[in-house]
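Q: What follows is each chain in one-letter form.
There are 2 protein chains.
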Amino acid sequence: MNNITVKLGERSYPIFIDNGTIDSPLILSQYIRNKSVCVVTNTTVSAIYLDKIRKLLVDYNLIEVILDDGEEFKNNDSLNLIYETLLKNSFNRDATIIALGGGVVGDIAGFASASFMRGIDFIQIPTTLLSQVDSSVGGKTGINHKLGKNMIGAFYQPKAVLIDMNVLKTLPDREISAGLAEIIKYGLIWDISFFEFLEENIEALKALDTAKLQYAIQKSCEIKSMIVAKDEKESNLRAILNLGHTFGHAIENCLGYGEWLHGEAVGCGIVMAAKMSLHHDRITKQDFQRILNLIAKAGLPVNMPEIELDKFLGAMKLDKKNKDNKIRLVLQKGIGKAEIVDDYSQDALKAIISS
Amino acid sequence: MNNITVKLGERSYPIFIDNGTIDSPLILSQYIRNKSVCVVTNTTVSAIYLDKIRKLLVDYNLIEVILDDGEEFKNNDSLNLIYETLLKNSFNRDATIIALGGGVVGDIAGFASASFMRGIDFIQIPTTLLSQVDSSVGGKTGINHKLGKNMIGAFYQPKAVLIDMNVLKTLPDREISAGLAEIIKYGLIWDISFFEFLEENIEALKALDTAKLQYAIQKSCEIKSMIVAKDEKESNLRAILNLGHTFGHAIENCLGYGEWLHGEAVGCGIVMAAKMSLHHDRITKQDFQRILNLIAKAGLPVNMPEIELDKFLGAMKLDKKNKDNKIRLVLQKGIGKAEIVDDYSQDALKAIISS
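Sequence lines, in order, name chains A and B. Quick note on the numbering used here: the first sequence kicks off at 46 and runs consecutively. Quick note on the numbering used here: the second sequence kicks off at 46 and runs consecutively.
Treat each hint with caution, since some may be false.
All copies of an identical chain are treated as equivalent in the list; a pair is satisfied when it fits inside any one copy or across any two copies.
[Claimed, not checked] Derived lysine-lysine pairs resembling BS3-like cross-links, with alpha carbons at most 30 angstroms apart:
1. Lys-366 x Lys-204
2. Lys-368 x Lys-80
3. Lys-52 x Lys-275
4. Lys-251 x Lys-378
5. Lys-204 x Lys-378
6. Lys-257 x Lys-133
Derived from the structure by calculation, the hints contain no laboratory data.
Take these sequences, add in the hints, and give me the full structure.
A: Okay, here's the thing in structure tokens:
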């Protein structure tokens with residue numbers, strides 16, 4: 046069993062990465078404090094995996110919250126359904142929440158864990174490639190507000206993350222591509238040799254080659270956990286994990302959540318950020334072409350959907366990285382490094398959005 | 046200017062205690078990170094104090110959220126009103142929330158600060174005696190759920206607390222008594238000589254004698270901040286601050302929030318806990334009489350309102366201290382010390398609730 050540790054002092058926790066992690070009763074049970082367990086999942090995931098969890102936890106007082114599937118349900122109603130279920134079952138501070146699902150389930154369940162009785166234990170079992178390499182690592186939890194994505198939430202770390210690569214076999218191709226967007230991001234912001242590995246192996250990864258996938262997931266989790274360990278609350282460095290997200294969130298916000306997958310919006314956002322980086326000579330034309338090619342080969346959109354400039358800029362203004370009401374961007378510094386930038390050409394930004 | 050420090054490592058913060066703390070522009074401004082400030086207050090407090098804050102912060106981008114006054118508004122709707130106001134004004138992570146009001150305002154505004162964009166700065170200006178000695182210290186924030194009090198929230202520390210004793214002069218007597226309940230609690234759980242000071246000076250405190258009040262507030266904040274520093278997340282010790290609250294919360298829950306003031310319910314709850322303590326020979330009859338007398342002299346109720354036994358026990362079961370669905374009590378160990386107890390007579394508990 047491969048595992049890595051996210052190093053956050055007394056909030057440190059392990060990430061297990063393998064085939065079959067959710068079939069092992071030992072892994073899960075050691076992170077459950079007492080008998081009260083609430084599984085939060087969605088209609089799609091529960092149909093495939095909930096029975097496994099039920100069998101693993103047959104000796105526990107197990108309750109279930111099954112949410113509708115989709116980003117549009119990452120809202121206060123879903124959060125409140127979890128609170129109500131916990132309260133109606135007299136669950137207390139010593140209860141554990143298990144998030145069984147993708148990023149939406151993980152984020153809602155994580156914030157419910159952070160805020161129910163001011164914080165109870167939770168365990169992440171991410172069931173999409175995107176959530177395995179991104180949202181399940183690092184403790185960002187939250188829900189969307191009708192005025193903006195992820196506006197309400199908390200930094201709250203799980204007790205453990207169980208990544209089971211077997212679950213990827215049931216995912217549609219679009220979901221795999223969405224996960225690859227975040228994986229490519231790690232190469233772009235941190236590690237050029239990982240980026241090169243991805244260029245060479247993108248087809249194998251799309252075909253779910255076990256060894257290559259395990260390497261890519263582990264590398265992604267390592268890069269993310271290293272950055273999170275250096276800057277848990279996103280004072281500065283952590284913001285580079287937002288490469289492509291300033292644009293991506295605006296795309297999701299303008300189209301309506303759920304129209305594009307988060308990873309698709311991020312993939313397109315990475316290309317838009319690369320265009321800005323090229324404009325400011327932060328990458329070469331050749332670098333830009335490599336980024337564009339890899340995103341396209343990963344099966345991700347490279348062109349922005351048609352959205353009015355002012356609407357798009359308005360959505361970008363809601364970004365949490367912004368300071369003094371000014372949009373901040375994460376731009377490349379070559380391939381393998383990225384920085385927060387607030388000194389950039391407004392005209393270039395507008396041209397890229399309008400093109 | 047008297048001030049004490051709540052020692053929590055990088056989350057440490059000062060509490061200023063004096064007459065006129067909110068008239069000093071210097072105190073407030075040094076804890077505001079940039080120009081975006083949102084004051085959260087209620088209709089009652091805003092009528093008296095909001096103009097002071099407006100004048101102090103005339104150079105800031107100041108927005109205001111004025112909630113209805115009362116425990117029944119400590120809910121998700123009020124929380125959401127704060128989120129919406131912040132978002133509509135494009136406030137970001139570098140904004141500061143000022144809580145100007147009693148415990149309800151402080152708790153809601155604190156949780157809004159904890160959860161907006163995963164955490165922004167906040168400053169407490171408590172305007173009731175109860176919030177000055179209790180809820181503004183220690184970082185417990187949250188809202189009520191229709192199924193239980195303070196069920197949703199976070200541990201989140203303010204950047205500073207400004208206690209202005211001048212504001213107490215406009216409070217009704219009932220509010221002063223409610224604050225005295227928590228002050229008496231500190232003597233009971235931690236410091237017999239402070240309890241004796243209160244016995245000797247209860248009339249002067251009710252009459253708002255400046256020197257005695259300042260001593261009592263400072264002592265209360267010191268005891269609370271010491272306990273919080275030892276156990277911020279309430280793993281164990283911090284739970285003794287809940288003396289009287291297991292009963293008190295059940296009273297509030299059964300009567301409907303706002304019927305009794307929180308401090309009144311706690312005062313009555315302290316007497317009920319003292320009855321349990323007496324039953325288990327944890328205090329003498331004489332001790333019990335001293336506790337009863339002081340609570341009564343403070344102007345607090347000593348008898349429980351009429352509530353059906355099962356309903357009351359059901360409400361007690363929702364308490365966050367409970368483990369494995371068993372009600373845990375905070376009981377005296379003489380005067381000046383208290384402990385969490387789960388080994389107590391169920392019959393005595395029922396008899397005390399029914400008497």
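Q: Checking each numbered hint in turn, tell me which of them this model violates, lowest number first.
A: 5, 6
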